[in-house]
Amino acid sequence: MGLPLFSASEDPGPNFVRFAEVSGLLTTPDQTLDAPHATTVVALRYAQGVVMVGDRQATAGYIASRDVRKIEAADAYTALAISGSAARGMEFIRLAQLSFEHYQKMTDADLTLEGKANYLSPIIQRNNLSSPLVVVPLLAGWDPTRREGRIFEYDGAGGCYERRDFATIGSGTPFAESALRLGFRTDLTREEALDLAALAIYEAGDNDPSTGGPDFVRGIFPMVVTIDAAGFAELPTDDVRVRYEAINERRTQAQGVAGGTLR
Amino acid sequence: MSNYFYVSPEQLIKDRAEFAQKGIARGRAIVATIYDVGIVLVAENQSASLNKISEIYDRIAFAGVGKYNEFDRLREAGIRWADSTGYTYSREDVDVRALANYYAQHLGDMFTEGPKPLEVEILVAQLGGTVRPSKLYRIAYEGTIADEPHFAVVGGDADAIRARLAEAEQEVHDLATTLRNAVAALAGTDREIAVPDLEVAVLEDRGGRRTFLRLTDEQVAELLGH
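Each protein sequence line maps, in turn, to chains C and L. Under my numbering, the first residue of the first sequence is numbered 1, with each subsequent residue one higher. Under my numbering, the first residue of the second sequence is numbered 1001, with each subsequent residue one higher.
Misleading hints may appear alongside valid ones.
Unchecked claim - One-sided and incomplete, this derived list gives chain L residues near chain C with beta-carbon spacing under 7 Å:
#1 1055
#2 1077
#3 1079
#4 1080
#5 1081
#6 1106
Claimed, not checked - Just some of the chain L residues that point at chain C, by a computed CB distance under 10 Å:
#7 1051
#8 1057
#9 1210
Claimed, not checked - Stretch by stretch, here's where chain L covers chain C in the computed footprint (C-beta under 8 Å, at least three residues):
#10 12-21
#11 104-115
Treat the hints as calculated values from the structure; they're not laboratory data. Positions of the beta carbon are idealized from the N, C-alpha and C atoms, including for glycine.
Based on the sequences and whatever the hints tell you, model everything.
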């Protein structure tokens, strides 16, 4: 590829996807079925930010992988999670990361969080309406102007909706969402939000065959991240292990049921 | 029939070169210098928002002098080239030498075939790391490309600035000393450049993937000891 120069009227501007289309970098996805799928991520607002927890399993009729990362930092203040086709999802994250940085370098300014959320809509729409390899992402980030964490969820056709409480994606949604609905309050502390989100993924892993719970044998645990005024941060594995050991211990004591209270 | 006058190739090249040189000589110069742990780029720029120095990629910076619209389009093309190369292959495959060659080819084409030569001179810098060495390339309006080992100067009065800088930069210094030398070379003996009129950026490893950082006026003043 030579130097990509454009005349003023044909210039694609700072939009990387439009530029990639013009230059033939992006192609229509293949019509392949039964590819690995990735499942169940929750995002949850608390007083000073957002917590996101995602399971680690990829399923393709069997367990294709036990340590997939479904949440990535799209930039320093934004987390992006994926459900659906693993292949398209990874590509989607890469494209989003590149797009946000591309915009920033081209214009010497950051996209707003809402700008990032809206930018993803047509990319999801194009992928999902042209391919059986559907991707449904979840975007959460810190909004520096409003000084709060915000969550944006999408439907399969690319519609973007802001959630003021919590959001769930993937096949474990009914189970994770139930836990969140029972445990959510608007004044959750960071610790409470972390424990509730971890529990939601525990429930999904317990009930949904495509969602992986904590794997004490292999030492693989759901991925836990926070996004607050300090930016995107992933919890260390040992911290996550302790939280899941606590849930597991309570559940063992209660002989496998939640025991009348949400814990 | 329209009239065609014969112009000898020598005359044509000379006219075009004079035209481009005149445009570039009006622009203030830019200096890029390697210091002990990075590369610093210094421009004299009255505008706080129309930048002459920019980030191209994780370890690559761009600086342009001359007509703003012309070098800004080259800057954008450089970012697009780098981002699409890194997206297609890997981030480590983005090399400044390829970019510098593309710039040189484009400037050369515009000089000989374009409606008018571009009135710009550009500078691309790459911070060395585990994969690639530090590099400074200077590309002139007619496509001449030069690989500078320690520092590079582009823009008006470049020869005098280069001579002053060569005197001060006989070895590699730390950032503060290097910046002082660069600013002194830009200013010359009979004037001083005020801090708000300086645009300064560095390429330096700070633990992350991206190494480009713009320095604020306060940071520049502190480094200069003002």
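Hint check:
| no. | hint | in the structure |
| --- | --- | --- |
| 1 | 1055 | holds, 5 Å |
| 2 | 1077 | holds, 5 Å |
| 3 | 1079 | holds, 5 Å |
| 4 | 1080 | holds, 4 Å |
| 5 | 1081 | holds, 6 Å |
| 6 | 1106 | holds, 5 Å |
| 7 | 1051 | holds, 6 Å |
| 8 | 1057 | holds, 8 Å |
| 9 | 1210 | holds, 8 Å |
| 10 | 12-21 | holds (count 3) |
| 11 | 104-115 | holds (count 3) |
Checked against the numbered hints given earlier, the structure satisfies every one of them.
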